[in-house]
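**Student:** Listed below are the residues making up each chain.
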Amino acid sequence: MTETELAIGIVTISDRATSGQYADRSGPAINDYFREVWGERWSPLLRLIPDEQPVIETTLRELADVHHVPLVVTTGGTGPAVRDVTPEATIAVSDRLMPGFGEAMRAVSLTHVPTAILSRQIAVIRGRTLIINLPGSPRAITQCLDAVMPAVPYCLELLGWPFWETNPQRLVAFRPK
Amino acid sequence: MTETELAIGIVTISDRATSGQYADRSGPAINDYFREVWGERWSPLLRLIPDEQPVIETTLRELADVHHVPLVVTTGGTGPAVRDVTPEATIAVSDRLMPGFGEAMRAVSLTHVPTAILSRQIAVIRGRTLIINLPGSPRAITQCLDAVMPAVPYCLELLGWPFWETNPQRLVAFRPK
Amino acid sequence: MTETELAIGIVTISDRATSGQYADRSGPAINDYFREVWGERWSPLLRLIPDEQPVIETTLRELADVHHVPLVVTTGGTGPAVRDVTPEATIAVSDRLMPGFGEAMRAVSLTHVPTAILSRQIAVIRGRTLIINLPGSPRAITQCLDAVMPAVPYCLELLGWPFWETNPQRLVAFRPK
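Chains as they are written, first to last, in the working numbering: chain A, 1 to 177; chain B, 1 to 177; chain C, 1 to 177.
Now the in silico label distances, taken between C-beta atoms and shown as ranges:
hint : chain 1 : residue 1 : chain 2 : residue 2 : range
1    : B       : Asp-146   : C       : Pro-176   : 15 to 23 Å
2    : A       : Gln-169   : C       : His-67    : 48 to 56 Å
3    : C       : His-68    : B       : Asp-146   : 36 to 44 Å
4    : B       : Gln-21    : C       : Asp-65    : 30 to 38 Å
5    : C       : His-68    : A       : Pro-28    : 52 to 60 Å
Calculated from the structure, these hints are not laboratory results.
Small disclaimer: the values here were computed from a predicted structure and weren't measured.
Idealized CB from N, CA, C, for every residue including glycine.
All chains, please: the whole structure from these sequences, using the hints.
**Tutor:** Laid out in structure tokens, this is it:
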């Protein structure tokens with residue numbers, strides 16, 4: 001990884017995928033998404049962990065504090081079921097909440113399915129790392145990423161990271177002025 | 001109440017209705033709403049209490065922890081006035097916040113009245129009980145319930161409750177996949 | 001200031017404007033806005049302070065608790081950059097959160113720029129004072145104020161302040177019933 005290369009943490013949070021009950025399709029879907037929108041100038045840091053709040057917190061802290069990853073996306077664990085604790089873990093490691101991400105992702109998902117209101121996904125900043133919760137299903141992941149990604153490169157620049165080129169045919173990064 | 005019958009807590013929170021200054025019209029409006037959408041397979045647990053945060057908290061805890069009610073809806077006390085403390089009481093008994101409910105209900109209300117942004121209504125989960133704050137006026141109650149109810153049966157199933165039939169002419173419950 | 005005159009606190013939060021690196025254009029833009037919508041029956045209390053959380057908190061407390069200002073609007077410091085701490089200061093002095101303001105302002109801004117989701121602006125009530133965070137740019141300020149101001153006069157009345165006339169050609173205040 002060169003100094004200006006973008007590292008992206010991709011964290012799949014799922015009891016069943018972790019135990020091998022089924023294959024993780026969400027992490028690879030996110031990986032494919034970023035390969036398409038960022039071009040080649042990034043490297044993934046992949047994690048597959050169970051729906052355990054302490055494990056999620058440790059993983060997010062490690063990616064932010066040890067690996068200094070500019071962007072971390074999680075998938076899974078944002079629903080109302082008793083094992084869904086991803087938002088609680090994300091808030092626990094947060095320095096600052098970014099309420100607009102959750103609002104925008106739910107609003108877009110709501111145009112597809114009424115159950116979008118059940119998603120508790122949020123985004124936060126820890127140090128200089130932006131952490132975004134995504135839903136579990138690959139289709140919803142793409143909808144949510146399309147909704148927020150135009151703002152992400154500028155957000156990373158405001159957090160002190162360099163200017164990264166995106167693939168303009170897939171993602172037009174918006175920068176004010 | 002049979003084992004698979006749905007119990008719904010309906011909590012009117014109003015100093016004036018409690019003291020008899022006027023009749024509670026909001027609780028009955030909610031009762032009528034659920035009679036229409038759920039058919040006959042449910043029973044209401046009605047409460048009428050003042051805008052006192054400790055009383056509201058005790059009532060919500062009793063419905064969730066003692067009566068094991070799957071769904072509790074409150075009406076009243078969500079505005080900015082000094083006696084409006086329903087959201088604070090609801091957050092105080094919450095295990096997990098459900099931000100999408102408040103967002104969706106305000107967004108729908110905002111298409112009717114600009115003062116919808118003054119509503120501080122939220123939804124939370126306590127144990128396996130979903131608690132939803134509704135506004136005070138019967139018309140706004142219907143608008144808000146129509147906005148969120150398609151997602152509620154699936155939410156209750158994710159919380160471990162059985163599949164309940166709704167009246168398909170009035171409420172199409174959405175369940176992913 | 002007569003007894004029924006409206007005082008509005010206008011707080012510009014900006015390291016660079018405070019140090020004289022550039023002129024504050026946001027505070028004057030807000031001042032112009034209220035001159036237009038409220039007519040002459042109000043007086044501004046202007047503040048220009050750096051992005052320091054303790055200073056922001058002290059300023060908000062002084063306007064609410066000492067000057068008993070019904071309405072305070074801030075501009076600046078709501079983004080994701082490390083110096084942006086206006087929402088944290090606002091929450092710290094809050095008695096009650098008003099989530100609908102931030103949601104509505106971001107939703108309106110999002111129709112203009114995708115980076116609207118990066119704004120962390122909120123509104124709160126402290127005692128009988130409504131405090132609203134606005135973004136930093138004059139254009140975004142107008143968009144956000146236009147989105148929420150129709151509900152503000154009624155909100156102030158619910159907080160126990162008198163009925164104030166607005167300029168009906170510029171602002172139609174909505175009051176239910």
